[in-house]
Amino acid sequence: MEVSSKENTHFFSNNTVLPVDRSSFKSESSASKEKQSCCGGLKIFLGALSFVYFAKALSGSYLKSTITQIERRFDIPSSLVGVIDGSFEIGNLLIIILVSYFGAKLHRPRIIGAGCLIMSAGTFLIAMPQFFMGRYRYERFTSTINSTVSISPCLQDKSQTPLSALEKSQAKLNAGCEKEAGSSMWIYVLLGNLLRGIGETPIQPLGITYIDDYAIEENAALYIGCVQTVAIVGPIFGFLLGSLCAKLYVDIGFVDLDSITITHKDVQWVGAWWLGYLIAGVISMVAGIPFWFLPKHLPKPEGRKDSSTSSEQSKFITEDNKEPHKSYQQQVKIAEMAKGKSLEFLSWLSNFLPSLKNLFGNPVYLLYLCASIIQFNSLIGMVTYKPKYIEQQYGQTSSKTNFVIGLINIPAVAFGIFSGGLIMKKFRVSVLGAAKLSLGSSFFGYLLLLSLFAMGCENSDVAGLTVSYHGAKQTADYEPALLSECNAGCACSHSAWDPICGENGVTYVSACLAGCRASNGSGKNTVYFNCSCVGALESPSRSSSAVVGPCQKGNECPKMFLYFLVISVITSYTLSVGGTPGYILLLRCIKPHLKSFALGIYTLAIRVLAGIPAPVYFGVAIDTTCLKWGSKKCGGRGACRLYNSSALRYVYLGLTLVLGTVSIFFSVAVLCVLRKRSSPQDEILSVNRERGTCGTKGTCGTKSRKDNFVNSDCLIQATYCPEKETRL
0 MEVSSKENTH FFSNNTVLPV DRSSFKSESS ASKEKQSCCG GLKIFLGALS FVYFAKALSG
60 SYLKSTITQI ERRFDIPSSL VGVIDGSFEI GNLLIIILVS YFGAKLHRPR IIGAGCLIMS
120 AGTFLIAMPQ FFMGRYRYER FTSTINSTVS ISPCLQDKSQ TPLSALEKSQ AKLNAGCEKE
180 AGSSMWIYVL LGNLLRGIGE TPIQPLGITY IDDYAIEENA ALYIGCVQTV AIVGPIFGFL
240 LGSLCAKLYV DIGFVDLDSI TITHKDVQWV GAWWLGYLIA GVISMVAGIP FWFLPKHLPK
300 PEGRKDSSTS SEQSKFITED NKEPHKSYQQ QVKIAEMAKG KSLEFLSWLS NFLPSLKNLF
360 GNPVYLLYLC ASIIQFNSLI GMVTYKPKYI EQQYGQTSSK TNFVIGLINI PAVAFGIFSG
420 GLIMKKFRVS VLGAAKLSLG SSFFGYLLLL SLFAMGCENS DVAGLTVSYH GAKQTADYEP
480 ALLSECNAGC ACSHSAWDPI CGENGVTYVS ACLAGCRASN GSGKNTVYFN CSCVGALESP
540 SRSSSAVVGP CQKGNECPKM FLYFLVISVI TSYTLSVGGT PGYILLLRCI KPHLKSFALG
600 IYTLAIRVLA GIPAPVYFGV AIDTTCLKWG SKKCGGRGAC RLYNSSALRY VYLGLTLVLG
660 TVSIFFSVAV LCVLRKRSSP QDEILSVNRE RGTCGTKGTC GTKSRKDNFV NSDCLIQATY
720 CPEKETRL
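Counting in numbering that gives the first Met the number 0, the sequence shown runs from 0 upward without gaps.
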């Protein structure tokens with residue numbers, strides 16, 4: 000509105016002095032058409048970029064929701080799943096420097112479109128192993144799979160079993176072993192996630208700069224805010240999609256579902272994890288299509304043009320009209336451009352080390368960088384394994400876990416980020432205030448997290464692992480023993496995991512280890528009888544029955560899960576409130592000309608030192624709490640079947656809290672350094688600048704693009720400006 004009013008005033012003032020000229024009408028109409036085309040093209044780009052942000056956030060969050068499904072499907076430990084999760088960051092780092100430097104000089108929309116295609120290809124590649132590695136085989140006793148062959152679970156004598164059944168079973172085992180020995184399909188998941196990271200790289204730096212270049216300065220903040228808002232919606236749909244796919248059996252459409260003997264509540268259940276990746280891949284592919292039809296440049300609005308543009312443009316036009324000198328000038332220009340690029344690179348190389356020294360010589364920046372790295376280690380590890388923690392600690396299914404995270408936790412994080420920005424804007428928080436708000440958010444967030452230690456469930460009663468066959472609870476010096484007097488006469492496998500629930504409320508690793516000698520029914524309705532170990536807890540002479548599947552956790556566990564959800568939501572909100580103040584603190588503590596370099600180093604450090612290692616060592620720590628490992632067809636350790644609930648709680652929450660506490664100490668150091676540098680007079684001066692400088696539009700005027708950039712940096716450096724904060 001301001002630009003159009005200025006144009007009208009200028010038009011009427013010209014009419015009072017000069018006679019009406021048709022060329023002026025033509026120029027006005029062409030300018031209005033140019034403005035309309037600029038706004039139209041920019042809005043199309045804005046809509047396309049918002050959809051891309053949604054697509055990449057959806058696929059990233061869906062990967063988090065399928066961590067446990069991938070672990071079971073490929074029979075791999077949590078530490079290896081952490082490597083797969085961190086491969087996204089590795090792919091992002093491989094080309095981020097090239098994209099950041101050369102991307103802005105090329106066709107930015109098409110580079111983003113190419114990135115979407117690469118991201119889509121990586122997402123499809125993650126799902127591909129499902130179609131090449133055969134059907135999923137879970138551990139089940141033969142009689143529960145085929146009711147036509149009656150076999151006693153307790154194989155006192157191998158002659159009980161029909162020879163043909165044993166031979167067929169052994170033949171299938173050998174064939175599966177040969178097939179598995181020549182393939183490690185989880186590598187394709189890792190490569191697909193790596194490809195996703197490569198494709199995602201150009202979206203943020205090139206997309207945001209494109210909007211900032213061609214949007215009216217007053218609208219740039221609103222446009223970028225819209226993109227970020229849509230990005231927050233993506234994880235919600237990602238986890239909800241994960242919840243839906245986790246309810247569907249992994250081989251849906253390929254096998255008869257009536258023949259499946261496990262339910263989605265079983266530890267061995269694997270949902271249709273691959274289906275969500277196909278959906279996310281299609282969404283990413285569709286999101287990249289509009290960028291191939293967008294122009295390389297858009298007309299810049301009047302408010303963003305430099306005062307020297309018209310004179311330079313007129314000089315260029317007059318020189319361009321001189322046809323004899325056109326080709327010669329082009330050759331000179333190309334030579335000068337090549338020479339300028341080499342000089343620019345040498346200049347950048349010579350200034351790199353001094354700039355790096357200047358940056359790390361800033362104690363506020365260095366301390367805040369250390370605090371952020373350690374805190375992101377804590378948060379990334381916690382978020383990556385939160386679904387696994389809820390499943391193992393509270394006995395919840397993967398479907399319900401993803402639903403709860405997507406519908407409750409993610410909105411709490413989004414609301415916390417918004418609240419932090421609102422507090423900064425409403426109360427005009429200074430640099431020192433931003434540091435206090437960030438520190439307070441971390442302190443109270445981790446303090447709330449401390450209370451989760453008291454909101455856990457006890458270990459499930461599993462005979463031979465957490466309790467003895469006589470009902471004695473596990474002690475510090477207790478050694479798991481799957482064999483006992485009640486199943487001594489049975490030829491049982493120690494590596495099998497086919498849990499059944501006895502009528503005494505105790506879970507047994509398999510029907511054979513429970514001493515069951517008879518069964519009735521098939522599939523999910525199988526009931527075992529004459530189980531000597533089930534009756535051993537009550538009277539040695541009494542035999543009891545058992546059903547397929549593990550027993551449910553204690554009666555107090557559902558109540559504890561409800562408490563956990565409430566505290567988890569409040570904690571997520573509290574920790575998120577400090578996100579915006581911390582980012583503003585980062586921007587204000589550095590010199591304006593080092594801002595871009597500082598943000599690049601900050602992002603690089605977070606990805607390398609937090610995004611990649613955190614899922615790996617969190618996974619290694621969680622693996623130490625495993626009580627019963629699965630076994631692969633050809634031997635070797637597979638995925639964990641049962642965790643020690645108490646040990647898992649102390650490791651998962653303890654590691655998160657230790658890292659969070661260390662980051663708080665660094666944040667306190669940041670606050671101390673800022674207190675020494677600031678004084679009451681500086682704060683009064685800062686408030687006066689806010690009222691007089693940031694509030695006055697004349698200061699943020701449009702004398703020239705270069706002056707504008709420097710002035711805005713100075714405002715970020717010294718005072719608080721709501722418009723600039725929203726943009727950042």
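Bear in mind the hints are in silico, worked out from the structure with no lab data behind them. The reader is advised that the hints may include incorrect statements.
Derived DSSO-like pairs (lysine-lysine); straight-line CA-CA distance at most 30 Å [claimed, not checked]:
#1 Lys295 / Lys424
#2 Lys264 / Lys356
#3 Lys356 / Lys42
#4 Lys590 / Lys675
#5 Lys246 / Lys631
#6 Lys435 / Lys246
#7 Lys299 / Lys675
#8 Lys675 / Lys356
Per label pair, the in silico range of CB-to-CB distance [said to hold, decoys possible]:
#9 Lys104 / Gly635: 46 to 56 Å
#10 Val619 / Leu446: 47 to 57 Å
#11 Lys590 / Ile251: 26 to 36 Å
#12 Leu449 / Gly488: 16 to 26 Å
#13 Ser645 / Gln551: 15 to 25 Å
#14 His592 / Glu555: 29 to 39 Å
#15 Lys590 / Asp212: 36 to 46 Å
#16 Ala646 / His263: 37 to 47 Å
#17 Ile186 / Lys104: 32 to 42 Å
Note that the coordinates shown come from a computational prediction; the quantities given were computed from them, not determined experimentally. Glycine included, every Cβ here is placed at the ideal spot set by N, Cα and C.
Worksheet item: Looking back at the hints listed earlier, which ones does the structure fail to meet?
Response: 1, 2, 3, 6, 7, 10, 11, 12, 14, 15 and 16
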